[in-house]
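Q: Residue-level listing of the chains:
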Amino acid sequence: MTKPMYLYPLWVRLWHLANALMCLALIITGLSLQYSSIEYTMIPFNYAISVHNISGIILCVGYVFFLFANRFTSNGHYYQFHLKGMLSRVLKQARYYSFGIFKHEQPPFPVKVGRKFNPLQKISYVFVMYIFMPFILISGIALFFPDLLPDKIFGIGGIHFIDLIHIISGFILSIFMVVHIYFCTIGKTPLSNFKSMVNGWH
Amino acid sequence: MKKLLIINLLCALSFIAFAQETSKEEVVHSKENSNCFSCHGSPTYTYYNDVVERDITKRMNPYFLIDSVLYYDQNHKSFECIDCHAYEFKTFPHDNTLRMEPMPSCLDCHEGDDATAMYNFEVINDEFHESVHSTKHSDEFTCWMCHNPHSYKINASNNSNIRETIIYDNNICLSCHADINKYQLISGNTKPNVIDKHDWLPNQISHFASVRCIECHTHVSDEALVAHHIQTKDKAVKKCVECHSSNATLMTSLYRFQAQENRRKYGFFNAAILEDSYMIGANRNLYLNILSAIIFGSVFFVILIHTLLRILLK
Ligand code: HEM
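Sequence lines, in order, name chains P and D.
Its first residue numbered 0, the first sequence is counted upward by one per residue in numbering that gives the first Met the number 0.
Its first residue numbered 0, the second sequence is counted upward by one per residue in numbering that gives the first Met the number 0.
Honestly, the hints are just simulated from the structure, not real lab data.
Check the hints yourself; a few may be wrong.
Said to hold, decoys possible - When the alpha-carbon atoms are kept at most 30 angstroms apart in a straight line, the in silico DSSO-like pairs for lysine-lysine are as follows:
no., chain 1, residue 1, chain 2, residue 2
1, D, K313, P, K111
2, D, K89, P, K115
3, P, K111, P, K91
4, D, K237, D, K135
5, D, K234, D, K181
6, P, K2, P, K151
7, P, K2, D, K313
8, D, K89, D, K152
9, D, K196, D, K135
10, D, K152, P, K151
11, D, K152, D, K30
12, P, K151, D, K237
13, D, K234, D, K152
14, P, K91, P, K115
15, P, K102, D, K313
16, D, K181, D, K232
17, P, K102, P, K83
18, P, K187, D, K313
19, D, K232, D, K152
20, D, K30, D, K89
21, D, K196, D, K234
22, D, K30, P, K194
23, P, K83, P, K115
24, D, K57, D, K135
25, P, K187, P, K111
26, D, K232, D, K196
27, P, K151, D, K238
28, P, K91, P, K187
29, D, K313, P, K91
30, D, K238, D, K196
It should be emphasised that the depicted structure is a prediction, and the values quoted were computed from it without experimental measurement.
For reference, chain D alone in the conformation it holds in the complex (with noise of 0.2 angstroms):
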């Protein structure tokens, strides 16, 4: 329990982070969205209620809440809400068929777009649809699941902060494996913990904020940079050398953005990982080993040598 208040600490420090470091960029629908935000951005909203005539203020679900910061910081901020909301939302009480009104996906815009084509998103799809998310949950799960329509931003390929990548895609995972409440979107089981099933992992909250869910829990193709093939548990990685050893195959997804261009010297880790992180096993410092391997010999050599001359001149 105290390990989950801590991690949700986390979340809510980057959040507070991310928060702080909108862009100054200008805001392209300010004006044709302020309408909206003036009801979804506030915790109460009012409107003119034409039966009892006059102003009547309400409490905002706070699930249809949407933060603005983080909407104009996001990669979609150029959007206005009814380029993917319908037009009638402007209209207030919204149309009760509203809801039922489908939303567009990903694909239907990204797909053969060349805007964004190093992103892969075919790839992405289908890696996405062998996954146990949809495998198992096919028309529910959908990428609006781990991609918040309202405020995603990539990182993994534009952060250079690796810590900051590292949390803000847990979070993802965390929304709804550390949320109950979004966990029941999907599936209708009680939550098993994440905490307790990775009581195997010493060190869980350092661990959980220095490698993501997916290194362990997905199956890394050289296409995506951010794989989404999530596989089943009994495939997790479990196997602490993985990550802990110099030729750690694993950890070079994550660090794959960043460590392109050093880790071909040595074959290991590159000043990124060597400054934010230290991993038992996988940082070696070249120098320091060729230093101590020096040295030990000099020790052991010098020993040999007063032994020998002990027993020949005694």
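The shape of chain P in the complex, shown without the other chains (with noise of 0.2 angstroms):
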């Protein structure tokens, strides 16, 4: 038995509730409005449309406070890796889900201090945050101001390439949100993972 860690600070948890109720609020609305037509409404146009404007702009706060928090704490270290043999550590870790776990073998990079991610956690995390997040929040401002988008970029119209962006990261955000909250499942108890990010610790 390993000894407790206190691997999610308060800011860590708070900022992620935060996160994760905002981007369930998101995927909801945004998929109402996408699909949205005159039988049947999930929920009213207008009222999905002002609920969408805000989380947005809360987590696009959210966002902002999470990478200034992440550069000046020790939490950013997380986030930090080396290319090389990356992809050798990824592959491991994916052999390990896809065929290690099932033959009871130990995790190859179990959690410790200083090691709260596994490689396959850390790459997806930094492809999330620091890709699709800064897609989706940027082309969602961009949205909010229609008027002054340019009229035609890459030859069909701005509205439509910068919507397209929004929702081609929505997408894969959502894919991301269902996989993660599997992935958390796989814990010591498939819901020991919850518990760690509601009291701190692991």
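Since each chain sits alone in its own frame, please combine them into the complex, following the hints.
A: What follows is the structure, encoded as structure tokens:
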């Protein structure tokens, strides 16, 4: 039995809670907007627009907070990785998830102080937090001011282009969220990771 | 106020755009009209005053100014001024009684006219007479109020640039609803501010640049391409999903001309709208939709298998 480690400081937990709730609201309202129809509506269109806008703004603020906090606290270290050997480490972890886990092997990169994330977690968090979040937030902000967008970008309507970026990033983040929640059930017990994210202790 | 400014700017820009693309076709009656344009085409005019026996220069009433570039680029470009106006306007000072002269109406020339039968003037005429404008102000409100006799050029049925058509058509309405001087030709009321009245509509500027007023304010019929039956405000479209959905019935009027061919296929908008604007809820890319369903399906499937294995092999 390993000693409990305090891995998730309060600010991470609060940020994460806000982030997850906003993402859920955005995904639900976003889907409702994308598939709005006359006969049946999940959420009334203008209501969905307002909720989507407000949660988007909160998410943005939260994201900026996350950037700064990660920059100026030690939590940022968990997001740095060395390219050398990255691929083989990721493959090793992937192999574990696809086979090893069923043979009750030990995880190749067990959690310890200084290594909160396994290589797969690390790479997906970095991609999500430093590539797709900026994409979706910047395109979202741009769609907030549609009249300022250029008429054409690469030959298609400016709004249309930005909207495609927005929708594709939204799609990727939704997939991430599903996979992310599933992977969080792979812990000592299916719920232990969620408990860690609530009380901070692993 | 700022929005109004921007809309006015849009109008101005569009006028420049239209002015620039004057057709190079020969101008039929430029000689005959040049006399009228010598005064009605410039901010000042000069005439010989018999009483004081010298040339006098005066300012032209700006409302009587006619832009010759627009004039020779419109539907009736082949007309002499005196085809519609009295021959006696050739003399100056114009006879005072001339201003009382009744003007011809569209139907005077176009009723039963085979060359323009495809526009369905008779249907439009009936629709117009049921509209708020006509029922509330039957005599003063004529077709000319919206169709400027010296510049109206058809857009809706032959301009492939939807944005231009939208701006053109909306400027027709805004010529009164954003200009108190013209509005009060018809009504003594102080004009309600259209911008304020549409505050419930978010992104107003981009809405007004991408849908026409008549999309929300008319009762659309199948016979005329441009619906003229403008209804009272309580009948106007307020529900977002009437446009923001793939089964939007409304927008078919705007995109009817462009969309006829391509729309059949998927039941929603074709490349014309997909290119020019993006409408939440209405533009769905069939392939992206299928692709996303497949990816989501696979992810859930893999997760399901993984969970089962985890439980079974515990
Ligand atoms: C799209 C929205 C989400 C994003 C971008 C996201 C991102 C993240 C990130 C970056 C971390 C690591 C935080 C750190 O320690 O620095 C994390 C951890 C965690 N998240 Fe999320 N998350 C999202 C949604 C959710 C949801 C909805 C849940 C639960 C219902 C969840 C449960 C967890 C748990 C249990 C952890 C701790 C385990 C671990 O570190 O892997 N997340 N998440």
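Q: Would you mind marking each hint as holding or not holding in the structure?
A: A quick look at each hint next to the structure:
Under the criterion of a C-alpha separation no larger than 30 angstroms, the hint pairing K313/D with K111/P is consistent with the structure, at around 25 angstroms. With a CA separation close to 92 angstroms, the supplied pair K89/D and K115/P exceeds the 30 angstroms bound. For the given pair, K111/P sits about 18 angstroms from K91/P by alpha-carbon distance, which is consistent with the 30 angstroms threshold. Of the supplied pair hints, the one linking K237/D and K135/D holds, its CA atoms being roughly 23 angstroms apart against a limit of 30 angstroms.
Simply put, K234/D and K181/D have alpha-carbon atoms about 25 angstroms apart, close enough for the 30 angstroms limit, and the pair holds. Under the criterion of a C-alpha separation no larger than 30 angstroms, the hint pairing K2/P with K151/P is inconsistent with the structure, at around 58 angstroms. Restraint check for K2/P and K313/D: satisfied, since their Cα atoms lie roughly 25 angstroms apart, inside the 30 angstroms limit. Between K89/D and K152/D the CA atoms are separated by roughly 26 angstroms; this keeps the pair inside 30 angstroms, and the hint holds.
This hinted pair checks out: K196/D and K135/D have alpha carbons roughly 20 angstroms apart, not beyond 30 angstroms. A C-alpha spacing of about 26 angstroms is found between K152/D and K151/P, which places the hinted pair at or below 30 angstroms, so the restraint holds. Taking the CA atoms of K152/D and K30/D, the gap is near 22 angstroms; set against the 30 angstroms cutoff, the hint holds. Proximity of K151/P to K237/D is assessed by CA-CA distance (about 29 angstroms); at most 30 angstroms being required, the pair is judged to hold.
Note on K234/D and K152/D: the hinted pairing holds, with a Cα-Cα distance of about 29 angstroms set against a maximum of 30 angstroms. With a CA separation close to 17 angstroms, the supplied pair K91/P and K115/P stays within the 30 angstroms bound. Proposed proximity of K102/P and K313/D is supported: the alpha carbons are some 9 angstroms apart, at most 30 angstroms. A C-alpha spacing of about 20 angstroms is found between K181/D and K232/D, which places the hinted pair at or below 30 angstroms, so the restraint holds.
Pair hint K102/P plus K83/P holds up; C-alpha atoms about 29 angstroms apart against a cutoff of 30 angstroms. With a CA separation close to 13 angstroms, the supplied pair K187/P and K313/D stays within the 30 angstroms bound. Our distance criterion of 30 angstroms between C-alpha atoms is met by K232/D and K152/D, whose separation comes to about 28 angstroms. The hinted pair formed by K30/D and K89/D meets the criterion: a straight-line CA distance of about 13 angstroms does not exceed 30 angstroms.
Between K196/D and K234/D the alpha-carbon distance is near 14 angstroms, which keeps this suggested pair within the 30 angstroms criterion. Restraint check for K30/D and K194/P: not satisfied, since their Cα atoms lie roughly 89 angstroms apart, outside the 30 angstroms limit. Taking the CA atoms of K83/P and K115/P, the gap is about 19 angstroms. The hint holds against a cut of 30 angstroms. Of the pairs offered as hints, the one joining K57/D and K135/D is violated, with about 39 angstroms between alpha carbons and a cut-off of 30 angstroms exceeded.
For the suggested pair K187/P and K111/P, the alpha carbons sit about 14 angstroms apart, so the restraint of at most 30 angstroms is met. Of the supplied pair hints, the one linking K232/D and K196/D holds, its CA atoms being roughly 10 angstroms apart against a limit of 30 angstroms. Annotation: proposed proximity of K151/P to K238/D holds, straight-line Cα distance about 29 angstroms (limit 30 angstroms). At roughly 20 angstroms between alpha-carbon atoms, K91/P and K187/P fall within 30 angstroms of each other, so this suggested pair holds.
With a C-alpha separation of about 21 angstroms, the suggested pairing of K313/D with K91/P holds against the 30 angstroms cut-off. Restraint check for K238/D and K196/D: the C-alpha separation of about 15 angstroms stays at or below 30 angstroms, so the hint holds.
Of the numbered hints given earlier, the model fails hints 2, 6, 22, 24; all others are met.
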